[in-house]
Amino acid sequence: MMVATLPIELDPAKAIYDEELSARQPWSRIIKKGQILRIIDLLGNQAVDTLFYNADDTSERYSAPDTIVRQGNIFITTGTQLISNEGNVMMTVIHDQCGKHDTLGGACSMESNSVRYGLHKKHLHACVENYLLELSKYEMNKRDLVSNVNFYMNVPVSEDGTLEIVDGISEAGKIIDLRAEMDVMVLISNCPQINNPCNAYNPTPIRLIVWDAVL
Amino acid sequence: MVQASILPNLGAIDPSLILLDEKLPGGAYWHYVIKRGNILRVTDLEGSQGVSMICYNADSPIERLNVADTAKIQFNAFLKKGMVIYSDMGRILFSITEDTSGHHDLICGCSNTASNTAKYGEGSYNKYGESDYNNSRNNFLKALGKRGLTRKDLMPNLNLFSRVAVHPNGDLEYVAGDEKPGSFIDLRAEMNVLVIISNCPHVLHPDTVYKPQPIQLTVWKSSAPAPDDLCRTANEEVIRGFINTDALFAQE
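These protein sequence lines map, in sequence, to chains A and B. Sequential numbering from 6 applies to the first sequence in my numbering. Sequential numbering from 1146 applies to the second sequence in my numbering.
There may be inaccurate statements among the hints.
Taking lysine-lysine and the DSSO-like style, the derived pairs with C-alpha atoms no more than 27 Å apart in a straight line are [stated by the list, open to error]: (1) B/Lys-1325 with A/Lys-147; (2) B/Lys-1287 with A/Lys-147; (3) B/Lys-1264 with B/Lys-1226; (4) A/Lys-147 with B/Lys-1297; (5) A/Lys-147 with B/Lys-1366; (6) B/Lys-1366 with A/Lys-142; (7) B/Lys-1297 with B/Lys-1226; (8) B/Lys-1226 with B/Lys-1287; (9) B/Lys-1356 with B/Lys-1180; (10) A/Lys-38 with B/Lys-1226; (11) A/Lys-142 with A/Lys-37; (12) B/Lys-1325 with B/Lys-1225; (13) B/Lys-1291 with B/Lys-1225; (14) B/Lys-1366 with A/Lys-37.
Rather than coming from a laboratory, the hints here were simulated on the basis of the structure. In this text the structure is predicted, and so the values were computed from the model without any measurement.
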């Protein structure tokens, strides 16, 4: 299948779904094969922690290493195919205005926050908590969590392996468009992290738009 | 002490402390519970093409290896001596108390049927009924099945004895030629750890001939960590990780 490399004209007025997701909130929706999901970083520098499951069999899910190895690169941008643990293409990035999105950093959790920022920071809201609450609607739990995508998050790796979470390269209004290549359950935590620059220390809302398959 | 002759003095283990010592052929898998405080040594006997590994809290396997937390909490995507391996519950599965390889990968995951077929061609079965091209994903699934676990319990793995460079634009490059026969890594269990090892080539290893080499797996009884233990004192993050981990065993 050809991957579009130019911006496609998608009219929000013709969308089948168009909602703002508040800062810190979870979200999920089944995106049917061929439908397009747009994620807009409304105010800039927001991290959007996202996972993907085969809607018909959620034991098939996004695989960070398969996605990385398939394209030979740790970043996600236009043309990247998001690959499942069975080697199938789940989503294709058909348009990206940011340039790169993180595959390595994973999600924040109460437990990792306690280690990273101090034991007294344990009871702050975190992405894994968002994920678990949303997954409960599908009778899923922590067994179903794997390394996720962080859209709009900047995690460079140096030659010696040093890894940093640094200021985002996103800006207000940046968009990424993902086309579903199978029926996909998309799980999002609009990251509540306030302890590092991934959210510019200030979680902000995003906008989610879905279009039906375009010919 | 099978491997004593090829190890530097650094690697000498008192034979009376050894609990298990076995050779794992190329292409094979192994699963075992390492009790808290004991050490697993993985030795590259003949110049490995990579060894894939996953691990769990043996007492509650819903807690498991998290490569993303392991990398970001320690600000490094490559494992080295003095670093630890984090679970997804802010606790520590293993400490890397010794390492003579210096090349371990947290990024690339493992081989599977498709990647092996692409690299080596269609596999078959030899006269012993063994598959030519066992892959790590299938090996993990076999071991998980024997433990009552399924593919829902499989997560991104780490790779021992594998050198992968990340270029500034994000491109990955497997750096071959750094395999050193006799190099080893010592993993001290900080909780009771279910470890699953698949001795298959790294998914990016460029050799198109399938020839995983044998490794030696040695488990021995370690002495209690000293107050200045390298892994337990490396930084504030790891100190907090050990506070979380030791709390699991505080009632024993």
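Going down the list of hints, with the structure as the test:
no.: 1; hint: B/Lys-1325 with A/Lys-147; in the structure: 38 Å, violated
no.: 2; hint: B/Lys-1287 with A/Lys-147; in the structure: 21 Å, holds
no.: 3; hint: B/Lys-1264 with B/Lys-1226; in the structure: 32 Å, violated
no.: 4; hint: A/Lys-147 with B/Lys-1297; in the structure: 10 Å, holds
no.: 5; hint: A/Lys-147 with B/Lys-1366; in the structure: 32 Å, violated
no.: 6; hint: B/Lys-1366 with A/Lys-142; in the structure: 45 Å, violated
no.: 7; hint: B/Lys-1297 with B/Lys-1226; in the structure: 31 Å, violated
no.: 8; hint: B/Lys-1226 with B/Lys-1287; in the structure: 30 Å, violated
no.: 9; hint: B/Lys-1356 with B/Lys-1180; in the structure: 32 Å, violated
no.: 10; hint: A/Lys-38 with B/Lys-1226; in the structure: 46 Å, violated
no.: 11; hint: A/Lys-142 with A/Lys-37; in the structure: 19 Å, holds
no.: 12; hint: B/Lys-1325 with B/Lys-1225; in the structure: 16 Å, holds
no.: 13; hint: B/Lys-1291 with B/Lys-1225; in the structure: 31 Å, violated
no.: 14; hint: B/Lys-1366 with A/Lys-37; in the structure: 54 Å, violated
Of the numbered hints given earlier, the model fails hints 1, 3, 5, 6, 7, 8, 9, 10, 13, 14; all others are met.
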